[in-house]
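Read off the chains here:
2 protein chains.
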Amino acid sequence: MATRRRVGSTSSETRTRLLDIAERLMLDEGYAAVGSRRVASLAGVNPALVHYYFPVTDDLFLALYRRGAERMLERHRAATEAPQPLRAMWKVAMDPRGTGLVNEFAALASHRKAIQVELVQYGEEHRRLMTEAVTRIFADYGVDPEEMTPTQLVLLMTALSRMLITEDAIGLSLGHGDARAIVERFLDRYEPLPG
Amino acid sequence: MATRRRVGSTSSETRTRLLDIAERLMLDEGYAAVGSRRVASLAGVNPALVHYYFPVTDDLFLALYRRGAERMLERHRAATEAPQPLRAMWKVAMDPRGTGLVNEFAALASHRKAIQVELVQYGEEHRRLMTEAVTRIFADYGVDPEEMTPTQLVLLMTALSRMLITEDAIGLSLGHGDARAIVERFLDRYEPLPG
DNA sequence: CCCGGTGCTCAACAGGTGTTTAACTTGGAT
DNA sequence: ATCCAAGTTAAACACCTGTTGAGCACCGGG
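For the record, the sequence lines run as chains F and V. Be aware that the first sequence starts at 1, since it is given in our numbering, and climbs by one per residue. Be aware that the second sequence starts at 1001, since it is given in our numbering, and climbs by one per residue.
Derived by calculation from the structure, the hints in this document are not laboratory data. Misleading hints may appear alongside valid ones.
As the list claims (entries may be wrong) - SDA-like mimics (lysine to any residue), calculated; alpha carbons at most 20 Å apart, straight line: (1) V/Lys-1113 to F/Lys-113; (2) V/Lys-1113 to F/Gly-171; (3) F/Lys-113 to V/Arg-1024; (4) V/Lys-1113 to F/Ala-32.
Whenever a hint applies, use it, and build me the whole structure from the sequences.
Shown next, in the form of structure tokens:
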């Protein structure tokens, strides 16, 4: 029963190429456009090859998600070590590629249980790490928790960046300047720019 | 050329039922699950009937979107006339059904131009109306624009409610209490509860 | 009484999808 | 020189999709 078939190695260049294509497809046309046949044809290979590396399509999505999540985690970790860590974190959050993928996966998770589980796991870990980092930074800066708690800044950045990026993608930008100012006024107070 | 086929009346009960089913499907399984055949089978009718009311699938999506958008607009307009209008607006924004649909359509718009156009139009009108209402309310309450501008409150509510509802839907709620407090602390100041 | 329109179905076309099975090719180790 | 394993393909199965053209059943107005 269920003699598992051969599966391609994780370090294969082709595998990476397939993931790159799937990622671009997801950002350009949404998760519904991603599938073994579509990815295969864009890569100029046979659909069966996609299944050689990703036996079922959920495996493709999961691999894509994990790769993106780990990159994002690493970028945020690096941000906490920057000279102005809060600004660096905000910059990472405002990256259209990273946050765009997160948005797409959030939509996908609504009807793919395997993705949902992974999303929640990573989401909680990510939030925990961010909050811990901001807690240290706030202690350093002497931020009054009555003004803003670490959790609040983290969720504020997350919510605003997601909305701004989603809306920018469809060409809606009414009030975006004001929205950014919510976070940036806070940043100006605790991490003032040289100018 | 293009002899347009017969199209069912807008006031038909069946048409409304089809829209209701499409809406539930969209909320439960995401936009990718919505289509003429799927909707037809859930309604227990022939797929051709769906095309009788909605010649092509985009028509279904557009009708669904317009209905939802108008309902949402009306609810928000009613909220501005409530005794505590800011609280009422926040309550409307935090309704999972309405905001859930908005989220799903935002994802859909990325690869359906017709939807995108409609979404931007409605989005801008909605935001404008909300901002005007809040401007009047702020003038009434004497809110210092240094503390918060009307636009900022509108976008803050929108961004936070979208994120909270999206995440709740997949079972991620870390820090949500703190996030809600960002808005609710402001509400407490200007629209204090009786207790 | 029949005529026209409305609601609805049947059956099909044309295409897309995920997935599997077997087999081919190629390059390195033995 | 040969054997094996990895990368890759061709072909097919089974299914789901949007969409259409013709035609059915019914019902109210002439």
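Handout entry: Structure versus earlier hints, numbers of those that do not hold, lowest first
Key = 1
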